[in-house]
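Listed here are the chains, written in short residue letters.
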Amino acid sequence: GAGVSQSPRYKVAKRGQDVALRCDPISGHVSLFWYQQALGQGPEFLTYFQNEAQLDKSGLPSDRFFAERPEGSVSTLKIQRTQQEDSAVYLCASSPTLGGLSGNTIYFGEGSWLTVV
Amino acid sequence: AQSVTQLDSHVSVSEGTPVLLRCNYSSSYSPSLFWYVQHPNKGLQLLLKYTSAATLVKGINGFEAEFKKSETSFHLTKPSAHMSDAAEYFCVGEAGTALIFGKGTTLSVSS
Chain A
1 GAGVSQSPRY KVAKRGQDVA LRCDPISGHV SLFWYQQALG QGPEFLTYFQ
51 NEAQLDKSGL PSDRFFAERP EGSVSTLKIQ RTQQEDSAVY LCASSPTLGG
101 LSGNTIYFGE GSWLTVV
Chain B
1 AQSVTQLDSH VSVSEGTPVL LRCNYSSSYS PSLFWYVQHP NKGLQLLLKY
51 TSAATLVKGI NGFEAEFKKS ETSFHLTKPS AHMSDAAEYF CVGEAGTALI
101 FGKGTTLSVS S
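Residue numbers (our numbering), protein chains in the order written: chain A, 1 to 117; chain B, 1 to 111.
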C-alpha cells in the first residue's frame with residue numbers, strides 16, 4: 001500500500017492478556033518507529049529500528065513491552081500481561097532515511113487502539 | 001535535548017477568521033521543528049517543518065509558521081480558518097531518533 005498500515009485497528013484485551021500489534025511500513029523505508037499516545041496526550045516515543053536493528057528502545061515503559069523487526073520490514077510490538085495503564089493508541093511511523101531525524105519527514109500510520117479492561 | 005510547549009490547550013475561532021496556535025521551544029542548538037495535525041480517528045499528518053533554512057515556513061492547506069530564535073517560538077498561523085481545519089495540532093521537536101510532541105492544541109471552528 002501507499003502508506004503505513006497497522007493492524008488491528010482496534011483491540012480490546014482483558015487485563016493480563018498478551019497482545020501483538022503489527023506495522024507494515026512504507027515499502028523501502030529503512031527507519032521504523034513506535035509511539036504511544038494516551039487519551040488527550042501527545043504521542044510519546046517508544047522505540048526505533050534501522051532496518052532489523054533496534055537502535056533505541058529507551059521509551060519502552062517496562063520489560064512487558066517488546067518490539068521486533070526481524071527482516072527489516074514488518075514490525076510487531078508485543079505487550080505482555082497487559083495492564084489498564086497500557087490503554088492507548090499505538091502509532092507506527094516509517095522514514096526512508098537512515099540515522100537521526102535531522103528534519104527528515106516521517107510518515108505515521110493511523111494507529112492501533114488498545115483498550116485493556 | 002529539546003522540548004516544546006504549546007501554550008493553549010484549546011483555541012476556538014469562527015470560520016474565515018485568522019488562526020494562531022502558539023508553540024515555544026527550548027534547545028541549546030538550532031532545532032528542527034514541525035507542526036503535525038491529527039483529525040479524529042486519522043493518522044498524524046505533517047503540516048510543515050523548519051530545518052534551519054528560511055525562517056518563514058509554508059505548509060499545506062494554507063498554514064505557515066515562523067521560527068523566531070529571539071523569542072524561541074514557532075507559532076502556527078493561517079489567514080482564514082475553514083471548518084475542515086478543526087482538529088488536534090501538535091508542535092514537535094527532535095531529540096536524537098525521537099520526535100518530541102507537545103501536549104496538543106484542539107482547534108475548534110464555528111460557522
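Don't read these hints as lab results, they were simulated from the structure.
Check each hint, because a few of them may be wrong.
Simulated crosslink set (DSS-like; lysine-lysine; CA at most 30 Å straight-line) [as the list claims (entries may be wrong)]:
| id | chain 1 | residue 1 | chain 2 | residue 2 |
| --- | --- | --- | --- | --- |
| 1 | A | K78 | A | K57 |
| 2 | B | K58 | B | K69 |
| 3 | B | K49 | A | K14 |
| 4 | B | K103 | B | K58 |
| 5 | A | K78 | A | K11 |
| 6 | A | K11 | B | K103 |
| 7 | B | K49 | B | K69 |
| 8 | B | K68 | A | K11 |
| 9 | B | K49 | B | K68 |
| 10 | A | K57 | A | K11 |
| 11 | B | K103 | B | K68 |
| 12 | B | K58 | B | K68 |
| 13 | B | K103 | B | K69 |
| 14 | B | K58 | A | K14 |
| 15 | A | K14 | A | K57 |
| 16 | A | K78 | A | K14 |
| 17 | B | K58 | A | K57 |
| 18 | B | K103 | A | K78 |
| 19 | A | K57 | B | K42 |
| 20 | B | K42 | B | K103 |
| 21 | B | K103 | B | K49 |
| 22 | B | K42 | A | K78 |
| 23 | B | K68 | A | K78 |
| 24 | B | K58 | B | K42 |
Among the chain B residues that face chain A by a calculated CB cut under 10 Å, a handful are [claimed, not checked]:
| id | residue |
| --- | --- |
| 25 | N24 |
| 26 | S52 |
| 27 | A54 |
| 28 | T55 |
Beta carbons are placed, not taken as given, at the ideal position from N, Cα and C, and that holds for glycine.
Hints and how they fare:
1. A/K78 with A/K57: Answer holds: A/K78 to A/K57 is near 13 Å, not above 30 Å.
2. B/K58 with B/K69: Holds, at about 17 Å.
3. B/K49 with A/K14: Cα-Cα ~40 Å, so violated.
4. B/K103 with B/K58: holds, 23 Å
5. A/K78 with A/K11: Satisfied, since the Cα-Cα distance of roughly 13 Å is no more than 30 Å.
6. A/K11 with B/K103: Distance ~25 Å between A/K11 and B/K103 Cα, so the pair holds.
7. B/K49 with B/K69: Since the Cα atoms of B/K49 and B/K69 sit roughly 15 Å apart, the hinted pair holds (cutoff 30 Å).
8. B/K68 with A/K11: Cα-Cα ~43 Å, so violated.
9. B/K49 with B/K68: holds, 14 Å
10. A/K57 with A/K11: holds, 23 Å
11. B/K103 with B/K68: Roughly 21 Å between the alpha carbons, so the hint for B/K103 and B/K68 holds.
12. B/K58 with B/K68: holds, 15 Å
13. B/K103 with B/K69: holds, 21 Å
14. B/K58 with A/K14: Violated, because 46 Å separates the two Cα atoms, which is more than 30 Å.
15. A/K14 with A/K57: holds, 26 Å
16. A/K78 with A/K14: Holds, because 15 Å separates the two Cα atoms, which is no more than 30 Å.
17. B/K58 with A/K57: violated, 33 Å
18. B/K103 with A/K78: Roughly 26 Å between the alpha carbons, so the hint for B/K103 and A/K78 holds.
19. A/K57 with B/K42: Holds, at about 26 Å.
20. B/K42 with B/K103: holds, 17 Å
21. B/K103 with B/K49: holds, 18 Å
22. B/K42 with A/K78: Cα-Cα ~23 Å, so holds.
23. B/K68 with A/K78: Violated: B/K68 and A/K78 sit about 41 Å apart, past 30 Å.
24. B/K58 with B/K42: holds, 23 Å
25. N24: violated, 15 Å
26. S52: Because about 8 Å separates B/S52 from the closest Cβ in chain A, which is inside the 10 Å limit, the hint holds.
27. A54: violated, 13 Å
28. T55: Nearest chain A Cβ about 14 Å off; hint violated.
Hints 3, 8, 14, 17, 23, 25, 27 and 28 from the earlier list are contradicted by this structure; the remaining hints agree with it.
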